[in-house]
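K.L.:
Residue-level listing of the chains:
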Amino acid sequence: MLGGYKGKILRVNLTDSRVSIEPLKEDHVKKFIGGSGIAAKILYDELDSSVDPLSPKNKLVFMTGPLTGTLASGCGRFVIVSKSPLTGIWGEAGSAGYWGPELKFAGYDGIILEGRAENPTYLWINNENIELRDAEHLWGEDTIETEKKLKLELKEPRSRIVTIGPSGERVAKIACIVTDGGIAGRCGLGAVMGSKNLKAIAVRGTERVEVADEDSFNDLVKEISSIIENNPRTKSLRSYGSAGSMEGNEAVGDVPIKNWMVESWSDGAKKLSGQYIAKTILKRPVTCFACPIACKREIEIKSGPYAGVKGKGPEYETCASFGTMLLIDDIEVVAKANDLCTRYGIDTISCGSVIAFTYECYEKGLITSKDIGELNLSWGDHESFLKMIEMIGKREGIGSILGEGVKFASEKIGKDAEKFAIHVKGLEMPMHDPRAYKSLALGYATSNRGACHLEATSHWVERGTLFPELGIKEKPNRFKSEGKAKMVIDMQNFMAMVDSLIICKFALTCGYTLNHLLRLIEATIGYKITMDEFKRAGERIFNIKRLFNNRLGISRKDDRLPERINKPLPEGVKHHSPDLDPMLDEYYQLRGWDEEGKPKPEKLKELELL
Amino acid sequence: MIKIHVRLLGDLREAIRKERLEIELPNNTSLKELIENKLLRYEGLKGQIIDPVTKRIRTDLIILINERSIESFIESERVKDGDTVTIASVVAGG
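Line by line, the protein sequences are chains A and B. Last residue of the first sequence? That's 640 in my numbering, and every number before it is there in order. Last residue of the second sequence? That's 205 in my numbering, and every number before it is there in order.
Accuracy of the hints is not assured; some may be wrong.
Pairs of lysine-lysine residues, derived as DSS-like cross-links and limited to a Cα-Cα distance of at most 27 Å, are as follows [as the list claims (entries may be wrong)]:
#1 Lys288(A) with Lys185(A)
#2 Lys149(B) with Lys417(A)
#3 Lys60(A) with Lys516(A)
#4 Lys535(A) with Lys300(A)
#5 Lys265(A) with Lys166(B)
#6 Lys301(A) with Lys157(B)
#7 Lys300(A) with Lys157(B)
#8 Lys633(A) with Lys587(A)
#9 Lys505(A) with Lys597(A)
#10 Lys300(A) with Lys129(B)
#11 Lys166(B) with Lys535(A)
Source of the hints: derived by calculation from the structure; they are not laboratory data.
Based on the sequences and whatever the hints tell you, model everything.
P.N.:
Right under this line is the structure:
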């Protein structure tokens, strides 16, 4: 087998407890690289597109990349893909931490889960020993307790665990999958796991990940690590985490405030920033596998009403979704809410968005106190906010509707509520505003999983992070449309490769160049790949996901933004219209897609996707 | 001479433990000159403002003059008496 890979995929059928090991296909490796790419190929080939995402016929694929588990900086990630119950289309969520490398150490590149267990079950992978075990005693436990109990039960403190919480068990469509080092948050994949009666996957492995040319690999890793260590972004991320950018983001109009209705809130942003966290509740920065950056936060609240909250701290997205979106400027409340969501297993972006939507519905009289269990829903109110998370986690009262996501909730409430439901294709928008960065509009409209800032990360370019090897040598004007279609395409294709190799995007911008990646591929896998082949593989991976969605009826009619986001705010830095349609026309043309947003046959032939 | 206000956000504020600076400058000073001649005198700001590879001012600094976002041309963009210049560095963020 080629270096970097283990050459084996586990297939687990939960209906009949059948476990088999299949070879990783070399053709998949060459064309789709790993991670998100190979997972997309598997799902595209195997999944009947008509399946109900919560039925046993849906598949849940966990996949690592060739760099996962090697000592290359920031390569501890893995991806999970499925047909999303939240959106009904391509669903994908990634996580950092240690679980992905452990799966490689156990000897596997990925896992394909299918069927549904009769009773609550967990999967225990201990190198070559694989067992499906009873999880009745863990059903109902939160994710933190589940991890603790499983490690004790297995007598393997070094095992690594992914698990769902009560929210996933109750198949709430905004449920996530929690790992010891991170959270695979988006697209409701926790509900897919819950629908299969699978509580957790515990892994312990003791094999190394072999690379093709160890000397070259080690030299290169040393070179990249040194660049990362000396990059000011590294120091910033280590000191303040991703929320260290909160104040700067707010100043340029990037941060959504009060359900995307308000222009600025600098005082609030300051109290929700990574710098403020560092002065108040930060216990220590936390690192993922083989990462020198340590951007994650461990927090502890020592006194006050939330004393005792400790563990995973909120990141930028959560500080915005639970903070600025709701006009809450108390970081301890945000940390408490983050802890609740971690324990229940709820995606914090979707959760904050759907709660902000509910506040607005209440403010505008679309729902009444009776509908919400007599809660006092006023912007900035701590008590009702935390109570709503509990209701979503337990699927109580209105929580059972909100747990289905903002699109479903708006359809259920009716009365024009969809005007306040901020999502694309059913996925709640992440915490970056297309009225501040023109390319985000196009990125959100065309991302395969719905509104996603990470599938292109083109707003980084508009902020001035340059990628000269992609031809991005100058900072573009963020308020202009010209050239954005090409830039978004280049970034989407590039990020498709980054998600397939798999490299953390923070680590990427702290020191990797594209040339580093080509050299890393050669040293790890053992064959040369040219810049053109690299870009082409990224394009192929992006397109196969689009094909998956086209098959489900996705076309131009769905590549839209919410009405609120299409209009600029009256003044200030958000006083810019996204101008989506002209960018979309150019985008389709450059992509080789027809007017309806479907790849043309000649494009598919060129990408070897026919 | 003119007097301007500089507002530092996030990392930049923490680097020198000051949020606001009042700075006197010759008339017709550019943003680039403000940064190079005044702000880089603060040792703590050097590492935040200068790109370690290119040794030039980072392309990903956020700069606003009186809440107007400055997207490029820091060489030609001039500051006026009473202006507030806001500067922040952002990493990935989310």
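K.L.:
Work down the list of hints and note, for each, if the structure agrees.
P.N.:
Hints versus structure:
1. Lys288(A) with Lys185(A): Distance ~47 Å between lysine 288(A) and lysine 185(A) Cα, so the pair is violated.
2. Lys149(B) with Lys417(A): 50 Å, violated
3. Lys60(A) with Lys516(A): Roughly 25 Å separates the two Cα atoms, so the pair holds.
4. Lys535(A) with Lys300(A): 25 Å, holds
5. Lys265(A) with Lys166(B): Within the cut-off at roughly 17 Å; holds.
6. Lys301(A) with Lys157(B): 25 Å, holds
7. Lys300(A) with Lys157(B): Between lysine 300(A) and lysine 157(B) the Cα gap is close to 23 Å, so the pair holds against 27 Å.
8. Lys633(A) with Lys587(A): Holds. Lysine 633(A) to lysine 587(A) sits at ~21 Å (cutoff 27 Å).
9. Lys505(A) with Lys597(A): 25 Å, holds
10. Lys300(A) with Lys129(B): 14 Å, holds
11. Lys166(B) with Lys535(A): With a Cα-Cα distance of about 23 Å, the restraint between lysine 166(B) and lysine 535(A) holds, given a limit of 27 Å.
Hint compliance for this structure: hints 1 and 2 are not met, and every other hint is.
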